[in-house]
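**Q** Sequence:
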Amino acid sequence: MESKEITAMGASAEEDTIDLMEIFRALRKRWYWIVLLAIIFGAALGVYGKFIVKDAYQAEASMCIIDSNKEVSMSDVQLGSALTGDYEGIIKSRVVLNKVIENLKLDLTYKQLYNIVSVENPDSTRILKIYVTAGTVREAVNIANEILSVSVDEIPHVLGSSKPTILDKADDLFAENTRRSVLSYALIGILAGIVIACGIVAVSVITNTSIKSDEDIQKCTGLSVLGAIPDYKGKKQKKIMWPEDLPFNASEAIYQLRTGILYSSKDVKTIVVTSAFENQGKSFISFHLAYSLSQVGKRVLLVDTDMRKSVLQRRMGLEGVKLGLSEYLSGNAELGQVIYDVGIPNMHVLFSGKLVPNASALLSAKWLENLCAEVRDSYDYIIFDTPPICVVGDAAIVASFCDGALLVVENGVTKKKTLAQMKSEMDKVGANVIGVVQNMVGSKKDSSYYGKGNYGYYYGNNQNKK
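The numbers in full-length UniProt numbering rise by one with no breaks, and the one at position 4 of the sequence shown is 4.
Keep in mind that the hints were calculated from the coordinates and are not lab data. Warning: the hint list may mix true and false statements.
Said to hold, decoys possible - DEER-style ranges, computed between Cβ atoms:
1. S184 - N103: 32 to 38 Å
2. D214 - K54: 56 to 62 Å
3. S213 - S184: 40 to 46 Å
4. V203 - K111: 37 to 43 Å
5. E252 - S213: 18 to 24 Å
In this text, a Cβ means the ideal position worked out from N, Cα and C, and glycines have one as well.
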């Protein structure tokens, strides 16, 4: 028990480790998005700096906090430095600023004036500098000089000290426009765009718990990858079924999967193929694996056990199929009536038949075990295409009668925890999972949460009707 806990903790730690190389690869792969976001942010801030940000002129006035007419002693210097903070508080006090507003008849409140005034005391000096920022040079200069004048008169009354000395009055010639240049705004925008884009990519990689490589599968379940099928749908997202429609690289990947099956174990004749949720490629893998095995002279029977929501017959474009697995399992048809020749040498298909709400009950009956026993000697391989195992338990039921099981995961979509759940469901019934098939490797799909689609809703409705 203790060793299992340690193993689980180790696996969790491995999953939580941040892979810097993976982040780097993701950044390199999405470089154009980073550049695009940088351009957008740079242009937006450039426009903002040119047309939205207004000119802001800053005027400066200064005073010395010790009377220039008095002989300065060391104690005066120490006292002056200690009083600097008090002087700053008085300059920005309501008493001073309200008097400035009244004297200049400013259309400003105390708070507004307070926000455009700043006071600084350069290090190791007895000088206070007053900065005022306003929309025009004249307004900034007038306010700075008025604050200086009122402060010099007010400080002695408040502190009972000597009158500070005016050092420099604000002047139009020395007022500066503090507004940044359009170029600086654009550069800040570009930098912000790069940082934000890189941050988004990094967060998406860190929070992405989907299957992305065979290493993820090995760490998650200890299972080997028997096949990696590249994106075969293309931009049009066409649901390809017949082999002649497959791209060359996808066909080669199917051949490699066939080789893995042929050499995995000689005792494996009945194989379950399932996925976590719908539209992740289990029916595609089932059909093409069966077809590929038939091309090397193996007698193959493909059984569609999805009696709730079958897609195999529709995707194959076949008509006139009236009897199938549901009729056989319910005792309404003989085995010879439900196995069809679809025109492919060495390959027969047993379709799902009429959709039924009690599929689990039919699959649990002895009829399925009898089916496996009857056809086992007639075929080299029997491939069972089952419903998604994370939605209904049909796949686990079928797997309990079979020699092996293949778990289909959609690369970048199926979560690591979901794959572990699939493996756990198979372990509960003692199924022999011979490997994993990665589907849609290299597709454009993101790794956002992939829901159960129509399966949950469809099956839920059937259960309610039942």
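**Q** Next, verify each hint and record whether it holds.
**A** Here's how the hints hold up against the structure:
no.: 1; hint: S184 - N103: 32 to 38 Å; in the structure: holds (37 Å)
no.: 2; hint: D214 - K54: 56 to 62 Å; in the structure: holds (59 Å)
no.: 3; hint: S213 - S184: 40 to 46 Å; in the structure: holds (43 Å)
no.: 4; hint: V203 - K111: 37 to 43 Å; in the structure: holds (39 Å)
no.: 5; hint: E252 - S213: 18 to 24 Å; in the structure: holds (19 Å)
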